[in-house]
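Build out the structure end to end from the sequences listed, making use of the hints.
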Amino acid sequence: KNEVEQSPQNLTAQEGEFITINCSYSVGISALHWLQQHPGGGIVSLFMLSSGKKKHGRLIATINIQEKHSSLHITASHPRDSAVYICAAVNYNQGGKLIFGQGTELSVKP
Amino acid sequence: DVKVTQSSRYLVKRTGEKVFLECVQDMDHENMFWYRQDPGLGLRLIYFSYDVKMKEKGDIPEGYSVSREKKERFSLILESASTNQTSMYLCASSGQGFYEQYFGPGTRLTVT
Chain R
1 KNEVEQSPQN LTAQEGEFIT INCSYSVGIS ALHWLQQHPG GGIVSLFMLS SGKKKHGRLI
61 ATINIQEKHS SLHITASHPR DSAVYICAAV NYNQGGKLIF GQGTELSVKP
Chain U
1001 DVKVTQSSRY LVKRTGEKVF LECVQDMDHE NMFWYRQDPG LGLRLIYFSY DVKMKEKGDI
1061 PEGYSVSREK KERFSLILES ASTNQTSMYL CASSGQGFYE QYFGPGTRLT VT
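First to last, the sequence lines map onto chains R and U.
According to my numbering, the stretch in the first sequence is residues 1 to 110, in order.
According to my numbering, the stretch in the second sequence is residues 1001 to 1112, in order.
Everything labelled a hint here was simulated from the structure, so no lab data went into it.
Keep in mind that a hint or two might mislead.
[Claimed, not checked] Straight-line distance between alpha carbons at most 27 Å, and here's what the computed DSS-like set of lysine-lysine pairs gives: (1) R:K55 / U:K1003; (2) U:K1057 / R:K97; (3) U:K1055 / R:K97; (4) R:K53 / R:K68; (5) U:K1070 / U:K1018; (6) U:K1003 / R:K97; (7) R:K97 / U:K1053; (8) U:K1003 / R:K54.
[What the hints assert, rightly or not] Here's a subset of chain U near chain R, in silico, CB distances under 8 Å, partners left out: (9) N1031; (10) L1043; (11) L1045; (12) S1094; (13) Y1099; (14) E1100.
Model, not experiment: these values are computed from the prediction.
Ideal placement from N, C-alpha and C gives every residue a C-beta, glycine not left out.
This is the structure:
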């Protein structure tokens, strides 16, 4: 079993839908990183959070440290949101090394 | 804005060649990382560095070495490239005590 598990692995949505991607982890962490990777592109950091909730535009990330669970929500999804979303646990005790989930491939259809 | 740049977007090398991949960051970050990304295996850490001239092995260091002579530059070296090193290579950096990592655009390396 991976230390960081994402679900679903693949997701297809219609434009305008509300999307949720889940991330569960089994290790002690200091924070959680959400990353976005477009096809053929580099990786962009969306959020890093250690408690509560963060919002940036149509993206919202939440984390529940007690339950070892984080979610990434996309409101009013758009085809340009199509990408792979990766969650990664941050281990401060190991110099900020990341433990990556497998990624969720999101496709938003017009 | 943090900027992490990599020397090449695409690279084709022959088996046995010595390959240098360079990464430069402009935010005075202490920490730098090299990853490779393969379908079905996700991102895996090859090497990382906390400071100039310091390096630590990641999860898959075999066949690779690194060099960090200046704070802004972190090089990944394939001493003798092999076909199983065909992959996407990503560099990242983060600041001391602030571990949000910023990634470069990636280098797609093909070894033939």
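Against the structure, the hints:
1. R:K55 / U:K1003: holds (23 Å)
2. U:K1057 / R:K97: Within the cut-off at roughly 11 Å; holds.
3. U:K1055 / R:K97: holds (13 Å)
4. R:K53 / R:K68: At roughly 14 Å apart (the allowed maximum being 27 Å), R:K68 and R:K53 satisfy the hint.
5. U:K1070 / U:K1018: holds (21 Å)
6. U:K1003 / R:K97: holds (20 Å)
7. R:K97 / U:K1053: With a Cα-Cα distance of about 18 Å, the restraint between R:K97 and U:K1053 holds, given a limit of 27 Å.
8. U:K1003 / R:K54: The given pair, whose Cα atoms are some 23 Å apart, holds under the 27 Å limit.
9. N1031: holds (6 Å)
10. L1043: Holds: closest Cβ of chain R sits about 5 Å from U:L1043, inside 8 Å.
11. L1045: Status holds, d = 7 Å.
12. S1094: Check passed: Cβ of U:S1094 comes within 6 Å of chain R, closer than 8 Å.
13. Y1099: holds (3 Å)
14. E1100: holds (4 Å)
Of the numbered hints given earlier, the model fails none.
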